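S.K.: As a plain string of letters, each chain reads:
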Amino acid sequence: MAEEKEVMLLNFWVSPFGHRVKIALAEKGVKYEDKEENLMEKSPLLLKSNPIHKKIPVLIHDGKPICESLIIVEYIDEIWRGKSQLLPSEPYARAQARFWADFIDKKVFECGTRLWKCKGEAQEQAKKEMIEILKLLETELGDKKYFGGESFGLVDLVMIPFSAWFYAYETCCPGLSFEKECPKLIVWTKECKTRESVAKSLPEPSMIYEFVCEMKKRFGIE
Amino acid sequence: MGEGELKLLGMWASPYVIRVRIVLNQKGLKYEYFEEDLTNKSELLLKCNPIHKKVPVLIHNDRPICESSVILQYIDEAWSESGPSVLPTDPYEHAMARFWAVYIDDKMRSTLLGILGATTEEAKAVKITEAMSMLELLEEAFKKCSKGKPFFGGDTIGFLDVTLGSSLTWFKTIENLSEQKLLDETKFPELVEWAERFLSADCAKEVMPEVQKIEEYITVLKARSAAAAVASSK
Numbered sequence: 001m002a003e004e005k006e007v008m009l010l011n012f013w014v015s016p017f018g019h020r021v022k023i024a025l026a027e028k029g030v031k032y033e034d035k036e037e038n039l040m041e042k043s044p045l046l047l048k049s050n051p052i053h054k055k056i057p058v059l060i061h062d063g064k065p066i067c068e069s070l071i072i073v074e075y076i077d078e079i080w081r082g083k084s085q086l087l088p089s090e091p092y093a094r095a096q097a098r099f100w101a102d103f104i105d106k107k108v109f110e111c112g113t114r115l116w117k118c119k120g121e122a123q124e125q126a127k128k129e130m131i132e133i134l135k136l137l138e139t140e141l142g143d144k145k146y147f148g149g150e151s152f153g154l155v156d157l158v159m160i161p162f163s164a165w166f167y168a169y170e171t172c173c174p175g176l177s178f179e180k181e182c183p184k185l186i187v188w189t190k191e192c193k194t195r196e197s198v199a200k201s202l203p204e205p206s207m208i209y210e211f212v213c214e215m216k217k218r219f220g221i222e
Numbered sequence: 223m224g225e226g227e228l229k230l231l232g233m234w235a236s237p238y239v240i241r242v243r244i245v246l247n248q249k250g251l252k253y254e255y256f257e258e259d260l261t262n263k264s265e266l267l268l269k270c271n272p273i274h275k276k277v278p279v280l281i282h283n284d285r286p287i288c289e290s291s292v293i294l295q296y297i298d299e300a301w302s303e304s305g306p307s308v309l310p311t312d313p314y315e316h317a318m319a320r321f322w323a324v325y326i327d328d329k330m331r332s333t334l335l336g337i338l339g340a341t342t343e344e345a346k347a348v349k350i351t352e353a354m355s356m357l358e359l360l361e362e363a364f365k366k367c368s369k370g371k372p373f374f375g376g377d378t379i380g381f382l383d384v385t386l387g388s389s390l391t392w393f394k395t396i397e398n399l400s401e402q403k404l405l406d407e408t409k410f411p412e413l414v415e416w417a418e419r420f421l422s423a424d425c426a427k428e429v430m431p432e433v434q435k436i437e438e439y440i441t442v443l444k445a446r447s448a449a450a451a452v453a454s455s456k
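Residue numbers (this note's numbering), protein chains in the order written: chain Y, 1 to 222; chain U, 223 to 456.
One should not assume that every hint holds.
Claimed, not checked - Within a straight-line C-alpha distance of at most 30 Å, the following computed DSSO-like cross-link-like pairs (lysine-lysine) qualify:
(1) K64(Y) - K275(U)
(2) K64(Y) - K366(U)
(3) K48(Y) - K427(U)
(4) K127(Y) - K263(U)
(5) K144(Y) - K444(U)
(6) K117(Y) - K5(Y)
(7) K263(U) - K54(Y)
(8) K106(Y) - K329(U)
(9) K64(Y) - K200(Y)
(10) K263(U) - K135(Y)
(11) K128(Y) - K403(U)
(12) K144(Y) - K409(U)
(13) K48(Y) - K444(U)
(14) K444(U) - K275(U)
(15) K217(Y) - K55(Y)
(16) K329(U) - K427(U)
(17) K365(U) - K5(Y)
(18) K106(Y) - K444(U)
(19) K128(Y) - K269(U)
(20) K365(U) - K64(Y)
(21) K409(U) - K184(Y)
(22) K64(Y) - K346(U)
(23) K275(U) - K145(Y)
(24) K55(Y) - K346(U)
(25) K135(Y) - K371(U)
(26) K127(Y) - K269(U)
(27) K54(Y) - K409(U)
(28) K5(Y) - K366(U)
(29) K409(U) - K106(Y)
(30) K107(Y) - K444(U)
(31) K128(Y) - K275(U)
(32) K269(U) - K48(Y)
(33) K371(U) - K346(U)
(34) K35(Y) - K64(Y)
(35) K275(U) - K48(Y)
(36) K269(U) - K54(Y)
(37) K263(U) - K106(Y)
(38) K64(Y) - K263(U)
(39) K275(U) - K135(Y)
Treat the hints as calculated values from the structure; they're not laboratory data.
The structure presented is a predicted model; accordingly, all values stated were derived computationally and were not measured.
Whenever a hint applies, use it, and build me the whole structure from the sequences.
M.R.: Pasting the structure below:
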């Protein structure tokens with residue numbers, strides 16, 4: 001059976017795209033080998049498994065590589081159907097979930113990167129944009145427990161890894177407070193973190209901040 | 223599930239819209255088409271896609287679905303009983319089709335627009351090399367995905383076929399304008415034959431624009447961006 005075959009994840013500990021896959025695998029109770037990649041010196045396995053983009057995460061299932069985190073997560077949902085359904089069954093609800101997952105993918109990380117890489121006006125602009133993005137997400141969340149409604153789903157798992165970066169973003173941008181700007185979203189992050197799959201997959205925000213500081217040194221940013 | 227009113231907000235030249243129309247045709251679905259003027263977007267478009275304000279938007283029983291790949295998957299799932307499957311049913315092949323579609327969308331736009339917009343011969347040559355590398359990869363992908371059948375999707379046009387095929391007119395137009403053959407039958411024989419099959423398919427024929435119309439449209443776009451550049455430098 002497909003679900004009994006060997007699973008390996010090629011990952012990099014800080015990547016929110018990798019975290020999505022880890023959370024999905026944990027939600028499904030899948031046993032897998034977690035291989036940490038050194039992105040400065042990519043392994044032959046990574047280069048062979050993702051020759052086009054040479055990026056993580058890559059899921060290798062029964063020897064076959066699957067790349068791109070959103071594609072991997074839907075693949076996981078299809079193969080391990082018995083437990084913790086990530087996408088709703090109804091086509092319109094699925095379309096809405098995919099739309100928001102795509103929105104988060106296009107907007108959050110890129111804007112977040114500008115928050116710590118840029119200074120002055122560019123940083124102010126990134127701050128404004130990030131608040132807009134998060135407020136849109138907050139509106140979409142509404143009064144629901146999760147983006148998925150009563151159940152933790154695709155949009156929740158795609159977004160929650162970025163919450164580990166909030167502390168780093170705030171520390172790099174004095175005056176920025178996500179709690180103040182989007183309190184409901186912060187409540188949602190706390191709810192998600194009570195899930196074992198999320199708690200054990202995400203690194204401590206302080207470690208992300210240390211990583212960001214390292215990267216700033218490397219790029220020569222103050 | 224798959225009944226009710228269908229509307230599509232689109233723009234005749236957009237590959238993202240064209241691919242949705244081809245799939246709707248393939249599934250035998252009737253829909254009301256609204257041509258958008260992207261310089262003066264309709265209230266309906268702004269209401270249905272307030273976040274991106276882009277086409278295509280499919281409206282099914284008054285509920286909007288945005289983003290072409292989301293729309294294609296929606297059509298596949300809501301009308302799973304009508305006509306051939308848009309995406310492979312095998313989860314791994316499904317993942318592969320989506321992977322290649324993401325790759326095509328990323329690369330196609332940047333290389334084609336790059337060739338078009340190149341201001342020096344060197345810049346153009348770089349983009350042409352990129353286009354050739356992309357086609358090499360796609361020639362291999364075609365062999366793997368089609369497994370000897372006529373389309374990426376197998377016997378019938380599928381997700382990956384429409385993702386790549388919807389840009390074919392732009393491809394041909396840019397070949398003409400840049401005087402550079404890209405889809406060369408000596409280098410990419412399988413893709414060239416696939417393109418001919420795609421373009422002669424009933425579901426695609428009526429929706430694919432003509433090369434001349436795209437050429438005229440490119441002229442309009444260039445004039446518009448030149449005017450905008452002048453206006454913003456004043």
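S.K.: Does the structure keep K144(Y) and K444(U) at a Cα separation of 30 Å or less?
M.R.: Not satisfied, since the Cα-Cα distance of roughly 47 Å exceeds 30 Å.
S.K.: Could you grab the alpha-carbon distance between K64(Y) and K263(U) and see if it respects the 30 Å cut-off?
M.R.: violated, 45 Å
S.K.: Please work out if K127(Y) and K263(U) have their alpha carbons no farther apart than 30 Å.
M.R.: Holds: K127(Y) and K263(U) sit about 28 Å apart, inside 30 Å.
S.K.: Has the given pair, K128(Y) with K275(U), been kept, meaning a C-alpha gap of at most 30 Å?
M.R.: holds, 20 Å
S.K.: If you draw a straight line from the CA of K409(U) to the CA of K184(Y), is it 30 Å or shorter?
M.R.: violated, 56 Å
S.K.: Would the hint linking K135(Y) and K371(U) be met if the CA-CA limit is 30 Å?
M.R.: violated, 48 Å
S.K.: Tell me if the straight-line CA distance from K54(Y) to K409(U) falls inside 30 Å.
M.R.: Given that 30 Å is the threshold and the Cα spacing comes to 25 Å, the pair holds.
S.K.: Hint check: K371(U) vs K346(U), CA-CA at most 30 Å. Holds or violated?
M.R.: With a Cα-Cα distance of about 35 Å, the restraint between K371(U) and K346(U) is violated, given a limit of 30 Å.
S.K.: Taking only the CA atoms, is the gap from K144(Y) to K409(U) under or equal to 30 Å?
M.R.: At roughly 54 Å apart (the allowed maximum being 30 Å), K409(U) and K144(Y) break the hint.
S.K.: Is the Cα-Cα distance between K269(U) and K54(Y) 30 Å or less?
M.R.: violated, 39 Å
S.K.: Does the alpha-carbon distance linking K64(Y) and K275(U) stay inside the 30 Å limit?
M.R.: Answer violated: K64(Y) to K275(U) is near 38 Å, above 30 Å.
S.K.: Can the restraint linking K275(U) and K48(Y) be considered satisfied, given a maximum Cα separation of 30 Å?
M.R.: Roughly 39 Å between the alpha carbons, so the hint for K275(U) and K48(Y) is violated.
In terms of the numbered hints stated before, the structure departs from hints 1, 3, 5, 6, 7, 11, 12, 13, 21, 22, 25, 29, 32, 33, 35, 36 and 38, listed from lowest to highest.
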